[in-house]
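These protein sequences, in sequence, are chains A and B.
Going letter by letter, the first sequence gives residues 1 to 281 in our numbering.
Going letter by letter, the second sequence gives residues 1001 to 1281 in our numbering.
No wet-lab data here; the hints were simulated from the structure.
From a predicted model like this one, the values you see are computed outputs, not experimental measurements.
The beta carbon of each residue, even a glycine, is placed where N, CA and C say it ideally should be.
Among the clues, some could well be false.
What the hints assert, rightly or not - According to the in silico footprint, chain B covers these stretches of chain A (three or more CB under 8 Å from chain B):
no.	stretch
1	46-53
2	88-94
3	213-226
4	260-274
Claimed, not checked - Restraint-style ranges between C-beta atoms, simulated for each label pair:
no.	chain 1	residue 1	chain 2	residue 2	range
5	B	Ala1269	A	Pro14	55 to 63 Å
6	B	His1225	A	Glu238	56 to 64 Å
7	B	Ala1264	A	Gly9	32 to 40 Å
8	B	Asp1143	A	Lys263	16 to 24 Å
9	A	Pro14	B	His1225	35 to 43 Å
10	B	Val1046	A	Gly109	30 to 38 Å
11	A	Gly11	B	Val1046	42 to 50 Å
12	A	Ala258	B	Pro1002	42 to 50 Å
13	B	Ser1077	A	Ala269	56 to 64 Å
14	B	Arg1168	A	Asp53	25 to 33 Å
2 protein chains.
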Amino acid sequence: MPQLVAVLGRGLVPTEQAVVTADDFGLTRGDGIFDATRVVTDAAGVSIVENLDRHLARLTISAAAVELPVPDVAAISALADEALAAWTTPGEAVLKIVHTRGLEHGTPGATTLLTITDMTPGDRAPIAVATMCRGYASDAFADAPWLLGGAKLLSYAVHTSARREAARRGADDALFVSSDGYALEGPTSSLVWVRDGVVHTTPTGATGILASVTVDLIDEWASTHDVRFERALITIPELYEVTGAWLASSGRGVSPIATLDDKAVPVSAEWTEKLAAAAGF
Amino acid sequence: MPQLVAVLGRGLVPTEQAVVTADDFGLTRGDGIFDATRVVTDAAGVSIVENLDRHLARLTISAAAVELPVPDVAAISALADEALAAWTTPGEAVLKIVHTRGLEHGTPGATTLLTITDMTPGDRAPIAVATMCRGYASDAFADAPWLLGGAKLLSYAVHTSARREAARRGADDALFVSSDGYALEGPTSSLVWVRDGVVHTTPTGATGILASVTVDLIDEWASTHDVRFERALITIPELYEVTGAWLASSGRGVSPIATLDDKAVPVSAEWTEKLAAAAGF
Chain A
1 MPQLVAVLGR
11 GLVPTEQAVV
21 TADDFGLTRG
31 DGIFDATRVV
41 TDAAGVSIVE
51 NLDRHLARLT
61 ISAAAVELPV
71 PDVAAISALA
81 DEALAAWTTP
91 GEAVLKIVHT
101 RGLEHGTPGA
111 TTLLTITDMT
121 PGDRAPIAVA
131 TMCRGYASDA
141 FADAPWLLGG
151 AKLLSYAVHT
161 SARREAARRG
171 ADDALFVSSD
181 GYALEGPTSS
191 LVWVRDGVVH
201 TTPTGATGIL
211 ASVTVDLIDE
221 WASTHDVRFE
231 RALITIPELY
241 EVTGAWLASS
251 GRGVSPIATL
261 DDKAVPVSAE
271 WTEKLAAAAG
281 F
Chain B
1001 MPQLVAVLGR
1011 GLVPTEQAVV
1021 TADDFGLTRG
1031 DGIFDATRVV
1041 TDAAGVSIVE
1051 NLDRHLARLT
1061 ISAAAVELPV
1071 PDVAAISALA
1081 DEALAAWTTP
1091 GEAVLKIVHT
1101 RGLEHGTPGA
1111 TTLLTITDMT
1121 PGDRAPIAVA
1131 TMCRGYASDA
1141 FADAPWLLGG
1151 AKLLSYAVHT
1161 SARREAARRG
1171 ADDALFVSSD
1181 GYALEGPTSS
1191 LVWVRDGVVH
1201 TTPTGATGIL
1211 ASVTVDLIDE
1221 WASTHDVRFE
1231 RALITIPELY
1241 EVTGAWLASS
1251 GRGVSPIATL
1261 DDKAVPVSAE
1271 WTEKLAAAAG
1281 F
């Protein structure tokens, strides 16, 4: 799988070259953050990155939540430009920015790097989703900033584990559910649904749910297209009664949910089309 | 701070040399495990490592919980021997083993490395501890293997965050509490207490608590010294009524808790002495 690596302060480095030491908090404690967005490259090899400013803004918010050094957004943008100029593989890819607390015992200061990795484009085919409890109540993150809710952490082992569990159950992806029975988000995506003509997503804040750039784009589209948009909690039984439900992410766009735990969820081709366009896919 | 780094398959490498690529799951997802134990080096520079076999056994259990490649215990032991022979800084240090899922897009296979890092010895001085909610109920990990309870994960950002929160409150360390009010464990230590002459610790399993090598040593000592040892849940109010309570870890031994949230907890010099000796400190 083609991949390109660039390190802040060093520029492009060979993909197979190690870039992080054994003392880096990002490795030893998952103590760092990331953000990711889509890169589209045309047949001539010219690459553009989508919504980089929004993703860098979210990276900055994540850094504040985890009390990391403030990311140097201008320098990361310049590094991304350098990487994009070198990325000429036609098709779609993911630009990922990693920002760690740096060395535990060495000179203080963040480690910041980015990768661009080839990706099979999302095809909007309806997907099978398996629900699984996230272990937290839907208000677990209220007044508990040490739980780092809403930060896009490198500490993602449970997220990758949930996707393995989904695969084990024959599903394409997972949907986390709170211990009090509310749908939260996917391991690497947000939940969106339409009911009675209103577009919904789950609330950030006390739920610990990550603010989604893709959902923000849908929100903005709705506000200019006379469509109501609301943030609300929803139970799993209620999700079987919607007009349509989707997992949304910056890399793969909006994927309609065909089944939840092997039971059919309504699929709306019309809304899939609208939401994908709203999200820039 | 002196540190030594060794990588499985390569041997010792310079400390400042990067050892992990930007594509390693350990860095990008905190998708890996670790274990750590104490190294003691005499004035002549001869180093011994404590209970390495037990820590490697726990590493193997963590790997199974996270579905990682099985750690090559014999090769890691040999690498540790090589590192210990090279480690001659008199005093105490921590040997840490890191085992990740390896590359996301490259050749499959774990990345395994170890570090030895100089450490200020624990002094058994009573410590101030701040309690904070972990967000999970005390049975959140029952029937939820995807939450990876009991595995010593690289995804440790909340643990380091809890220690920052403790420092912010003027405390030396943190104690996690379940959402239903039970004491669980410290971010890098286990909870031990004595009441009515019985040594207690909190249960693993449904709580998600990590099995502690230090506590196992105390358990074994108890069984040969006519002391009862029990695993039980305890609330914070009950912790103020014990004979003594400690945070225990393989690196720093047993630290008596002097205060919990600025309120005094009984300190027992006699039991501190016994438990420290039982744990090999």
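Checked hints:
1. 46-53: violated (count 0)
2. 88-94: Not satisfied, violated; 0 residues make the cut.
3. 213-226: As far as the stretch 213-226 of chain A goes, the hint is violated, because 0 residues have Cβ atoms under 8 Å from chain B.
4. 260-274: violated (count 0)
5. B:Ala1269 <-> A:Pro14: 55 to 63 Å: About 58 Å separates the Cβ atoms of Ala1269 (chain B) and Pro14 (chain A), which means 55 to 63 Å holds.
6. B:His1225 <-> A:Glu238: 56 to 64 Å: 58 Å, holds
7. B:Ala1264 <-> A:Gly9: 32 to 40 Å: The hint (32 to 40 Å, Cβ to Cβ) is violated, given that Ala1264 (chain B) and Gly9 (chain A) are roughly 49 Å apart.
8. B:Asp1143 <-> A:Lys263: 16 to 24 Å: Since Asp1143 (chain B) and Lys263 (chain A) have Cβ atoms about 20 Å apart, the given range 16 to 24 Å holds.
9. A:Pro14 <-> B:His1225: 35 to 43 Å: 58 Å, violated
10. B:Val1046 <-> A:Gly109: 30 to 38 Å: 36 Å, holds
11. A:Gly11 <-> B:Val1046: 42 to 50 Å: Once the Cβ atoms are compared, 45 Å apart, the range 42 to 50 Å for Val1046 (chain B) and Gly11 (chain A) holds.
12. A:Ala258 <-> B:Pro1002: 42 to 50 Å: Given range 42 to 50 Å: violated, Cβ gap about 57 Å.
13. B:Ser1077 <-> A:Ala269: 56 to 64 Å: 59 Å, holds
14. B:Arg1168 <-> A:Asp53: 25 to 33 Å: Roughly 32 Å apart at Cβ, these two residues keep to the hinted range, so it holds.
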